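Those protein sequences? They're chains E and X, same order as listed.
Read in order, the letters of the first sequence are residues 1 to 134 in the numbering used here.
Read in order, the letters of the second sequence are residues 1001 to 1088 in the numbering used here.
No lab work stands behind these hints, which were simulated from the structure alone.
Because the structure is a prediction, the values reported are computed rather than measured.
A virtual CB, placed ideally from N, CA and C, is assigned to each residue, including glycine.
One or more of the hints may lead you astray.
[To be verified] With a Cα cut of at most 27 Å, we get these calculated BS3-like pairs of lysine-lysine:
#1 X/K1016 to E/K64
#2 X/K1064 to X/K1016
#3 E/K64 to X/K1064
[Said to hold, decoys possible] Covered stretches of chain X (chain E as the covering partner; in silico rule of three or more C-beta atoms under 8 Å from a C-beta of chain E):
#4 1034 to 1046
#5 1059 to 1072
[To be verified] Every beta carbon over 10 Å from chain X, so not counted as near; a handful from chain E, in silico:
#6 R32
#7 R69
#8 T85
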Amino acid sequence: MLLIDELVHCTPHDVTCTVTVRADAPFVVDGRVPALVSLELFAQTVAALHAYLHRDHPGGQHGKLLGTRELELAVDHFHVGDALTITGHELWHDEHLAQFRCELHRNGERLAAAAISVAHGGAQDQGARPGAPP
Amino acid sequence: MTRAEIYQRITGILVKTFELDPADIRPESRLYEDLDLDSIDAVDMFVELHEVTGRRIDPQVARKIRTVQDIVALVEAELSGAGVAVDS
């Protein structure tokens, strides 16, 4: 279930994706989609970065959204036709886990933000565990 | 920051971020076994430590952290520019 349209910019630690909300897109009801879907947009944006950075190994990577902190939603819904820009900035990572600060904008206005923690590369819940064996 | 100030700062982060009871936090407290943090919490903590030290915590160093005192030693070393001080 791919929600984002394009990966438009990335560096090893930053990523920008875009999507225009379509009437037939998942979660759209009566021409609008709950702003809570931002979380999935954030996760897919981070996944797009990871996939791009590992494009030489297609299919060998997978990830999971583990959690979020400080989710802020300025609106309840997005509407069909809205052109949304989603950004992610990596705050920390190791070989298994990472945290990104993500934001969603429409016409330059920030509508959603959160920090999301993700597992990547087939991580188990041991990667950054203090005291875990190397 | 003095070591005591660093300890207070770390304690404040643990209380605020993970809703821990300050009375449960001691220098020797083990993050997992005693304070019930998990690996996702650890990522949150390393992000917070970045705010304190101004430097990204090295994952190799992060993996060695076991106790509150380990965090204090890490922050103290980072702030002094001496690098990592956590025992392996």
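Each hint tested on the structure:
1. X/K1016 to E/K64: 26 Å, holds
2. X/K1064 to X/K1016: 23 Å, holds
3. E/K64 to X/K1064: Since the Cα atoms of E/K64 and X/K1064 sit roughly 24 Å apart, the hinted pair holds (cutoff 27 Å).
4. 1034 to 1046: holds (count 8)
5. 1059 to 1072: It holds, with 8 qualifying residues against the three required.
6. R32: 32 Å, holds
7. R69: Per Cβ check, E/R69 is inside 10 Å of chain X; nearest 7 Å; violated.
8. T85: With a cut-off of 10 Å, E/T85 remains clear of chain X, as the shortest Cβ separation is near 23 Å.
Consistency note: the structure conflicts with earlier hint 7 alone.
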